[in-house]
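Listed here are the chains, written in short residue letters.
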Amino acid sequence: MELIVSGSDLDRLIRSLKEKGRVAGPVSRPTFRGRMVAWAEIRSIGEVVFDEAPRESMKRFLFPQPEVLLRFKRKGTGYEVEPGQVSQETVLFGVRPCDARSACLNLLPYQDDPFFLRNMAATVIVGTRCEQPCSTCFCRDVGGGPESIEGMDARITPCGEGSWKIELFTEKGLALFQAMAGGEPAPTPEGGAEKTPPLLKPLKSAPLSSLYESDVWAELARACLNCGICTFLCPTCYCFDIQDERLGSSGRRIRYWDSCMFPLFTQHASGHNPRPTKLHRVRNRFLHKLKYFPDRFGSFSCVGCGRCVRECPVGIDIRKVMKRLAEAVQTEV
Amino acid sequence: MRGIVHHITEELRNTARELLASGRISAFLGFREGDHPMTVAPFAARTAEEVELLIFNSFCVLNSANTIPELLRDLTPPAKRGEPPNEPPMIGVIATGCWSRNIVVQIQEHQVPRDKLVIVGVASRGMVDRRKVLAKLPNSDVYSVEEQDHLLLVRGRGYEVEIPRWEVVRDNCRSCSHPEAVDFDLWIGPKTGPRSIDAPFQELEEIEGLGAAGRWEWFSNEFSRCIRCYACRNACPLCYCPTCFVDDSRPQWVGKSADFSDTATFHLLRAYHCAGRCTDCGACESVCPMDIPLRKLTKKLYKAVKERFGFEPGLSSGATLPLSTFSSEDREEFILRPGGPGQEER
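Chains as they are written, first to last, in this note's numbering: chain Z, -15 to 317; chain B, 28 to 373.
Looking at chain B on its own, in the form it has when it is part of the complex (with noise of 0.2 Å):
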């Protein structure tokens, strides 16, 4: 490791180590390295020695919000019989713009108490898709990945090539306009600024603009290929449900298998319940095993609400949520009414 991705690591080691000593946090939440070359983990440290495995890289794909709930329950010293719930301790967090949104998502979902968190903010320079690497290289496989500034250097059998960094940037980072934390309490790193996107939804216009037959095969050719293996949602910061739709037996709302039908109401039920509160992080398609194009789903709702509402999820915590609130103001045109609009393409 190199450059900017070292200079920022090393920093934060020095912050989740101060906190750590003063005794202000109980964990320090980020990732440390997989086993597997462009991979990371969570990871909470907890020591000294702990705090020397974090690090920042461009294959932080992951969102950190996504463990925040979970380890503030298993830090939290259980209850002594018929006394109320004990509070969770404080922990340190690393956030980058979209996973400092989906944090502000939690608070706002009642989910995460702000003032247990420390919020240590940081510029995201665009995680890499791994699998966009693999696919350039000679039978996709890889022995290790090295990060310079705009190059990453990767070596595999009989090989070493150079590619370019941000040919192989995730897609949502392409289109981000906040790559840096919106709510935090201590900076680590370069400030970037906002990034201006011209035209933030063009991924969608060739779907939208196939018809609604097109679009209905472009779906079911995509989404056909779903193992149901649910990494997409269990990546999803906003999946904390206690039990999820799909698990729930009394009533069962969608069926087990991966017949087309049962996958297909899966993927339409979960990107709704992500509208109005997706920040298009992102880690749902970089965990997908089968390639499918998830954000497609979650961004086109991404746009409705902003259109809709003019409201884009993440950004303040004390902000009205659309769709939990009701306005006389509200657009109706969805209902659908005979011989009334939305009814041409059917």
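For reference, chain Z alone in the conformation it holds in the complex (with noise of 0.2 Å):
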């Protein structure tokens, strides 16, 4: 279902969250190159940048770094557990088509992660449509779109003369709207879904050996500064690690993002490094995303924000490595 609101009632229902839990969105804040668009807590609707990405994606919100899993106390010659962080009633506005996406690729390798879904069921995803598609976006080569709703309990779209279409999808977003609106939530409208992208077919009954002995590997290693600026960014890189943060005789067990970048990542006890290269860190990174995610769940795992594409600091271009892939298939046919 679908309704018109003010932007002082929108206030007060923020306002109104902000007392069970947090709301955020993409605002703009000053920095000394300037301004960017980050994250925060939000007071009013009006803070929140529509016509921007935000630099991070949600996915803090939905994988908090750190995310404490257990505490531990030593009693006896055992330790005494308790649970560990409760996930905060969230409600994120001004989430974006790809990053709203995001949420349910994750949710594949996650179905039966307590800790994903629990955050999941404590936030509601208020999305927007896309207006203005950067130069670096390519949400429809990866199966997403400007208009896609995936992901999306609720959308909101600015219509002037401060006032805001509200569509609701979901339960959870008939609930957040209860007190303005009434009745059912909408059935999915349609055009929401998207084609299946062209490439994803051919990359998935490519033989692995045609990809994993292209060219493109080793030129891309020449370049990569190995850092973890592409996997954090991504909304759709979801790999984490795990510690146990002791002091004295009680501690933590805590989960915090990895990267595949990182020669630790692969690190054995031993001493062995499976990926010891910059090369074979690279080709994981963009196989993952396009070849062993799509084989094992029938999707890439890329929204095409673009984020990567934006932020990487030596300008690699994942859309220019799917193109080399895609070659590389032809050839082998």
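Calculated from the structure, these hints are not laboratory results. Don't be surprised by glycine CBs; every beta carbon is placed ideally from N, CA and C. Treat the hints with caution; some may be incorrect.
As the list claims (entries may be wrong) - Covered stretches of chain B (in silico footprint by chain Z; criterion: 3 or more residues with CB under 8 Å from a CB of chain Z, positions within the stretch not fixed):
{"id": "1", "segment": "148 to 156"}
{"id": "2", "segment": "162 to 169"}
{"id": "3", "segment": "208 to 221"}
{"id": "4", "segment": "254 to 265"}
Stated by the list, open to error - Some chain B residues well away from chain Z (every beta-carbon gap over 10 Å; in silico):
{"id": "5", "residue": "ARG59"}
{"id": "6", "residue": "ASN84"}
{"id": "7", "residue": "PRO112"}
To be verified - Cβ pair distances, simulated, as ranges:
{"id": "8", "chain 1": "B", "residue 1": "SER355", "chain 2": "Z", "residue 2": "SER234", "range": "43 to 49 Å"}
{"id": "9", "chain 1": "Z", "residue 1": "PHE16", "chain 2": "B", "residue 2": "GLY185", "range": "24 to 30 Å"}
{"id": "10", "chain 1": "B", "residue 1": "ALA226", "chain 2": "Z", "residue 2": "SER147", "range": "36 to 42 Å"}
Got two chains here, separate frames each, mind docking them using the hints?
Here you go:
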């Protein structure tokens, strides 16, 4: 269902939501370089930036880092264990279609992960239409689109003169705007689901060896700094590591972001490292997104937000990698 | 590409081509264009065809010295069993003022043998912070950027703007007194001489004046954005340790998550590791995706080393390194004693 609300109604809603949890959105922040769009807690809808993608994806709300999985305390010869952090009730305003879709893709490998599921359940995603795709965007090439509502509980669209259109898609979305609306959530509108991206099938059916031995990996490895920018800004990079942090006889078990770009990611206790060079690591990152994940889950592990393209300090572009792989597949056939 | 950078790029390619053709070097290290506007990637040209990819422009915010140790390792033929390691071949490398100073630091620290390098010196015109450019644009989005001598011609969706180049030059370049390579074998492009800077540490004054609590607040605000991607470390020509202290697991020196206590530890330790070595090349700050003013820490330490020891890093490979030598003249007032100086802000 659909409703038109005023800015002041939304601001009242945001204030009341803030009493129970947090409300966040992309806002413009001054930095030494001028400004950046960053996720922050908001007090009013007017603060939310709709026409520029935030530097970071919304991932930190669903994969908080560190995430405390449990706390422990020495007791006799064993340990007393208590549950870790509780998921905070969270409402995110102004989530772009690509970022919203990432929640659905991440759910595929995390469908049995109690912590992720708990965080998802506590989060309401109020998405937005993407009116201004950037030069670095390619959502359509990976199965999304600027009109996609995948992953959204509701969608907010500015319609001028301080009023906003709200579309409700899920029970969670309906509950959020209950005071303003009544009735049932709307069925998913037609046209939201995009076509299968053309590259998906050829890459899925291609033998791994034709991609694995491509020249492109050595070229990329020569340029790559092996930093974690691409993986940490990526909405669909979800790899983590776990550690016990102990002080005296008590401590906590935390989960935090890890990156396949780092040598330590695959370092074995024996000292052996199965991905010892930059080439191995670069190849893994791209093939995971474009081959391994699709082979297992049927979709690219990429929403085409373009952050890795925009933010790469040496200007590596995943779209060129996709093109090169497509060529490699064609020559094979 | 037109004007000065075009001419320098032509000269660079000619020089690299000749060096490779003569057999004097087996690779020439510089930069090639990145896939995205205003980016470059480190690139070692090994053939005449690859030389055509080398460029020099205002977006070379990385430091060529950063890639030298890795490239020498890659080019050294593996030794036969039981035989001593082979010597690396010679390489050519392009160097501006700070890049050449970082090469000097690597020579002093025995990471790079001087006699394996042909350093091609160039004067930097000041490199552009691409994020300063993006911050000025609608939706921070850009299609193409054309560099002219004093203007950047920037095109995007439905706009075309001219941005004066100097307006978007990096802060470190604006306060740089050594734009020219200090140690070189060949030279390309115009010579500009050293720049005289009246107040090289002016950018620190605001933070220095805040008092301990204010400085901590500034530090916490700016550095809590860190996502621990380590781009700053990986872009830094000083960071060549085989195992970085953040990657050590036995013992583990610092926590791994983005918990602020761990992030703060990482940044403070990294900055101190750079004291007396950092040339303020700005690569760390240029690559930071979260707009963290990383250089404020290293610049503060640059200032402290200069004031205390009269030393600036990378100007002479024969110089004594202040932080790896002891002199009875060294000032020690930083040692805190009850009631002594340094306690007033606690």
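(request) Go through the numbered hints given earlier and state which of them the structure violates, listing their numbers in rising order. (result) Failing hints, ascending: 1, 3, 5, 10.
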